[in-house]
Amino acid sequence: MDQLAPDHFVTSIQHRTPAFAHAGPRGRFLVGRDLAALRAAKRSVHAINPIIQTLAVVTDISSAAAVTALFATIATTFDGSAATILINNADFLSGDSAAPMHAQDPHAGVSTSSQPRLGAAWLVYSFLSGYSLSKLAGLQLMNFVATAYPQVTAVALHPGLVDTDMFDEAFRSFDLDSPALVSGVTVWLAAGSERANVEDLGERKEEIVTGELLKMKLNGKLGKDQFSEESTWTR
1 MDQLAPDHFV TSIQHRTPAF AHAGPRGRFL VGRDLAALRA AKRSVHAINP
51 IIQTLAVVTD ISSAAAVTAL FATIATTFDG SAATILINNA DFLSGDSAAP
101 MHAQDPHAGV STSSQPRLGA AWLVYSFLSG YSLSKLAGLQ LMNFVATAYP
151 QVTAVALHPG LVDTDMFDEA FRSFDLDSPA LVSGVTVWLA AGSERANVED
201 LGERKEEIVT GELLKMKLNG KLGKDQFSEE STWTR
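Take UniProt numbering: the final residue in the sequence shown is number 235, and no numbers are missing along the way.
No lab work stands behind these hints: they were computed from the structure.
Any given hint could be a false lead.
[Unchecked claim] Think about it this way: if two alpha-carbon atoms lie no more than 30 Å apart in a straight line, the pair counts; the simulated BS3-like pairs of lysine-lysine are:
| no. | residue 1 | residue 2 |
| --- | --- | --- |
| 1 | K217 | K205 |
| 2 | K221 | K205 |
| 3 | K215 | K205 |
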């Protein structure tokens, strides 16, 4: 794993760790490339709930073989049980974010961090091409997973602007979001509405689903009906 860029981060896993520790799962697998950070996150879990079986595992998620081995380890550790909740929190940002687009490697971002984040997916910054493309891929990935595996609840969750190891100081002047917010939402998505007080959001379910307010789509008005019959087109 020495060939991996130093921009992969693990610290952000701590933002979700306390919320799930309070929720009381049977076990936790903390995955990343920085063992020291993973162990720190593990200690934070046990400080809240010492009976949760928690393991810290160094894994290169851009390697299919490594990921397969990881899930085999999970099954072995928990007597054949499969992981029921996966938080895809890996990320990658080129060390030289000021480099022009042709000098960047979009593949590095997509192969590592197809983690959906709405803002980075639809805003266009020339210096974040690989990063932004990976976010767009992540959004579509959730759609494909939900379609191909109906038994899986697949959600693209925007964490907001949270201070992590790869936080750019240029954004320091903006209001930072509380890690507790995205942590709580993640637990709510995993546990169901009976575990959270979100009546206002529930009341808007029909509006959100019918209007596809939380989906990325082509919003242009297409089709011949928008043109008058007198309109003519030439090839």
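Hints versus structure:
Restraint check: the Cα-Cα separation between K217 and K205 comes to about 19 Å, which is no more than 30 Å; the hinted pair holds. Between K221 and K205 the alpha-carbon distance is near 25 Å, which keeps this suggested pair within the 30 Å criterion. Between K215 and K205, the direct Cα distance comes to roughly 14 Å. Compliance with the 30 Å bound is thereby established for this hinted pair.
Going down the numbered hints, you'll see the structure goes against none, and every one checks out.
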